[in-house]
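Protein chains: 2
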Amino acid sequence: MGKDIYLGLIGFGTIGTGIVKLLQENEDLIQKRLGARLVIKKIVDLDIETPRIVSIRKDILSTDTNDILNDPDISIVIELIGGYEHAKSFILNAMRKKKHVVTANKALLATYGEEIFTVAEEEEVNIGFEASVGGTIPIIKTLRESLVGNNIKSVFGIMNGTSNYILSKMTDEKKPFDVVLKEAQDFGFAEADPTYDIEGIDTAHKLALTLSLAYGKRVNMEDIYMEGISAINLQDIEFAKEFGYKIKLLAIAIHRDKVIEARIHPTMIPFDHILANVGGNYNAFHFIGDASGSVFLHGQGAGMMPTASAVVCDLVDTARDMMKGISRRVPLRSFPEKNIDDIQLMSMDDIVTNYYFRFSAYDRPGVLSKISGILGTHNISIAAVIQKGRKQDGVVPVVMTTHPSRERNVQEALKEIDKLDVVGRKTMLIRIEDERLQ
Amino acid sequence: MGKDIYLGLIGFGTIGTGIVKLLQENEDLIQKRLGARLVIKKIVDLDIETPRIVSIRKDILSTDTNDILNDPDISIVIELIGGYEHAKSFILNAMRKKKHVVTANKALLATYGEEIFTVAEEEEVNIGFEASVGGTIPIIKTLRESLVGNNIKSVFGIMNGTSNYILSKMTDEKKPFDVVLKEAQDFGFAEADPTYDIEGIDTAHKLALTLSLAYGKRVNMEDIYMEGISAINLQDIEFAKEFGYKIKLLAIAIHRDKVIEARIHPTMIPFDHILANVGGNYNAFHFIGDASGSVFLHGQGAGMMPTASAVVCDLVDTARDMMKGISRRVPLRSFPEKNIDDIQLMSMDDIVTNYYFRFSAYDRPGVLSKISGILGTHNISIAAVIQKGRKQDGVVPVVMTTHPSRERNVQEALKEIDKLDVVGRKTMLIRIEDERLQ
Chain A
25 MGKDIYLGLI
35 GFGTIGTGIV
45 KLLQENEDLI
55 QKRLGARLVI
65 KKIVDLDIET
75 PRIVSIRKDI
85 LSTDTNDILN
95 DPDISIVIEL
105 IGGYEHAKSF
115 ILNAMRKKKH
125 VVTANKALLA
135 TYGEEIFTVA
145 EEEEVNIGFE
155 ASVGGTIPII
165 KTLRESLVGN
175 NIKSVFGIMN
185 GTSNYILSKM
195 TDEKKPFDVV
205 LKEAQDFGFA
215 EADPTYDIEG
225 IDTAHKLALT
235 LSLAYGKRVN
245 MEDIYMEGIS
255 AINLQDIEFA
265 KEFGYKIKLL
275 AIAIHRDKVI
285 EARIHPTMIP
295 FDHILANVGG
305 NYNAFHFIGD
315 ASGSVFLHGQ
325 GAGMMPTASA
335 VVCDLVDTAR
345 DMMKGISRRV
355 PLRSFPEKNI
365 DDIQLMSMDD
375 IVTNYYFRFS
385 AYDRPGVLSK
395 ISGILGTHNI
405 SIAAVIQKGR
415 KQDGVVPVVM
425 TTHPSRERNV
435 QEALKEIDKL
445 DVVGRKTMLI
455 RIEDERLQ
Chain B
25 MGKDIYLGLI
35 GFGTIGTGIV
45 KLLQENEDLI
55 QKRLGARLVI
65 KKIVDLDIET
75 PRIVSIRKDI
85 LSTDTNDILN
95 DPDISIVIEL
105 IGGYEHAKSF
115 ILNAMRKKKH
125 VVTANKALLA
135 TYGEEIFTVA
145 EEEEVNIGFE
155 ASVGGTIPII
165 KTLRESLVGN
175 NIKSVFGIMN
185 GTSNYILSKM
195 TDEKKPFDVV
205 LKEAQDFGFA
215 EADPTYDIEG
225 IDTAHKLALT
235 LSLAYGKRVN
245 MEDIYMEGIS
255 AINLQDIEFA
265 KEFGYKIKLL
275 AIAIHRDKVI
285 EARIHPTMIP
295 FDHILANVGG
305 NYNAFHFIGD
315 ASGSVFLHGQ
325 GAGMMPTASA
335 VVCDLVDTAR
345 DMMKGISRRV
355 PLRSFPEKNI
365 DDIQLMSMDD
375 IVTNYYFRFS
385 AYDRPGVLSK
395 ISGILGTHNI
405 SIAAVIQKGR
415 KQDGVVPVVM
425 TTHPSRERNV
435 QEALKEIDKL
445 DVVGRKTMLI
455 RIEDERLQ
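Keeping their order, the protein sequence lines are chains A and B. So the first sequence is numbered by the numbering used here: it starts at 25 and just counts up by one. So the second sequence is numbered by the numbering used here: it starts at 25 and just counts up by one.
These are computed hints drawn from the structure, not numbers from a lab. One or more of the hints may lead you astray.
Treat identical chains as interchangeable: a pair holds within one or across any two.
Okay, derived cross-link-like pairs now, DSS-like style, lysine-lysine, Cα gap no bigger than 30 Å in a straight line [stated by the list, open to error]: (1) 415 <-> 443; (2) 450 <-> 198; (3) 362 <-> 348; (4) 265 <-> 193; (5) 56 <-> 362; (6) 27 <-> 282; (7) 348 <-> 122; (8) 265 <-> 362; (9) 45 <-> 282.
Remember, it's a predicted structure, so these values are computed and weren't measured experimentally.
Whenever a hint applies, use it, and build me the whole structure from the sequences.
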């Protein structure tokens, strides 16, 4: 029944194995929906000896990428080796041979997107990358297709499962960052070197891709302000709770008149907001379109089978194009390449939001007046103050939230405040998002 | 720049006006994404005199459907008149003239889907109906495309905004059903005759469509068990809270071995489940795929601009097909028509779930023993009991929750219990969904 469509898979790790498993287990279902069979013809990996949890014919396995590249029967390649140079040259070579590409490599696309998407355009092939942002959650499809009639007013996303797992555990179980990180590493949720996840780099790759799809803009990764979660401590989580907030690592994009504001940092959000209730290692995306209003999507952002599900979505999408004799029916980056232009992101100095400050003050008279005096001269208006808690290492926490203030003013004020002789340590700053989330 | 694609719109009410507004306001953006212009060439309505909030050239308006049907330039028609006969004949006639169709008419598709989709197949035209289920939320696209590699293990949906608004208000503000319904009618959220929304009929249309897309099955609307919210009272909402539940009108589909369980009824769900936090008139869908795991989507299920957003998604989808010279790239009902078969839904008698009962008992000795005795003989095992609260009209509420029990046994037991001389009124039954939601 129907046609066979041959696939070549490079990278036979966890995700690669998941894809083989899914194509095997749901073979009949996929064939029934698609009207064709997706057949893995070749799998390339450096290690073809270690057994995987799926059984696969020996002659399908190879260590030579040319076995995929030079096979004219293979029309779609799946790139899962990750990293930059090797993955990039494989993808470019495959496209030059008119093969369609499916990849989950967000780092590569965020960094070398220009070159890769240009070649795809020249060769008239598809690049599927649904798995690269939000794992199993249909983020790419929603931005490129479902919300096509909308100006995307804002994107608020929890895009990194490891960070969300750590912050959720800290909040729910009152365990400090280091302890939870260690647990996550023991469970295999976090890498031995967790920098990529907890410092916001992974989130920045995903936000860069999201921005390009939402706004048709080339985003320079370095322009995105990025701050991770390693400085968050239990004290801040507790104070957040008193103000009615939870702390989440958010990726934020806001469409302003001529510029786009894009930033990644720990953010206090109202505890009853739908994003605040995203627990464990889940990912979630909150889009606001000018027509659609709020659209919220939630699911697994990583993991063997959820990622495989997104890859199979891309495979079927391209197979459906092939069966109609077409390609690139939907512009790969949401806008036709010729309509994509550069953008200068808004400088972090210019953003305006609410702030949470935790000052470490010596318990002396006049502390509050000195701090609030400096805030006042920088046009920062205080919304609430909490001064309580035990002395730690000679200082007490003085906590404030502000009305909307400009980041430049805030940074200048904090620089002055941290020089005061009544202030014992660097002030903790966490940004608050409130009404813009609605 | 680029090509013009001509549209004919029938039904110039709220949604129709929203579509015109969106195509006008975001004309440049849509053209930039699509590479073509969507141009409304004709709008047909019985009333072309009353001014709308959009300005439109007089010569575009007509009262004669033939002005759309006989215009060879018009390649996509948008049907927004609702109802059955007139809408159906318009859609069939348009398809016979090789025009693609976009509609939000869930009632029509759920009832006459067979005939309509068969003609679409014969004429090789598209039918877009993203707006018919979940309004602006990309439900159709997610089922047909994003989750294409998955067996859908279950669907739990809040598919009717009016019912959810009423239940949310009752829960949050402790106001009785009648009062909230009246308020909703005054605000224009609920119809003068609210039956369609509050008795589950609207939800059943949407569940029938969801089932056909998820499972490739023809579903007979009458086979879906349907129970509305008009019997829910504040007492039950309060007791639910004591057990850790909220009451929501859920549409439920569960894939069993050879059968599918489908039902609509007020349901108690754990208060910390993501579906329990869907407030106001929002809709939400919780799919569990065998690979994807949980995928949760949330947004506006109705309203002028959110619905217009979904309609524009369909318009662009079909325009993209047209620009590539193809149609029906994605099977309209998720599976190619020849692969769609009938299904007998599971009989309601055979479902197994947990139950909440509120018995209205006279305050006499032996009440509890009589009730629990009958439950025991029907193999219904009690999980928790609350007996408290003031006497109302001579009876006191005795409330129980059960372990998993079979509906047939439950109905038989309640029939016996309601005949007891210690029971003063018909027992209230609400089904509970717990672990299957995870």
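Within, between, both or neither: how does the pair residue 27, residue 282 come out at a Cα-Cα threshold of 30 Å?
between (49 Å within a copy, 28 Å between copies)
- Query: How would you classify residue 56 and residue 362 at a CA-CA limit of 30 Å: within, between, both, or neither?
  - Reply: between (37 Å within a copy, 10 Å between copies)
Go through the copies and call it for residue 348 and residue 122: within, between, both or neither, with a Cα cutoff of 30 Å. both (16 Å within a copy, 18 Å between copies)
How would you label the pair residue 415, residue 443 (within, between, both, or neither) given a Cα cut-off of 30 Å? within (20 Å within a copy, 68 Å between copies)
For residue 265 vs residue 362, is the C-alpha pair at or below 30 Å within one copy, between two copies, both, or neither?
neither (48 Å within a copy, 56 Å between copies)
If the cut is 30 Å between Cα atoms, do residue 450 and residue 198 qualify within a copy, between copies, both or neither?
within (23 Å within a copy, 47 Å between copies)
Exercise. When no copy is specified for residue 265 and residue 193, does a C-alpha distance of 30 Å or less occur within a copy, between copies, both, or neither?
Worked result: both (14 Å within a copy, 26 Å between copies)
Query raised in the report: Between residue 45 and residue 282, at a C-alpha cutoff of 30 Å, which is it: within one copy, between copies, both, or neither?
Result: For residue 45 and residue 282, the Cα distance is within 30 Å only across copies (23 Å; inside one copy 47 Å).
Reference check for the pair residue 362 and residue 348, CA-CA at most 30 Å: within, between, both, or neither? Both, since 25 Å and 18 Å are each at most 30 Å.
The structure fails to meet hint 8 from the earlier list, while all remaining hints are met.
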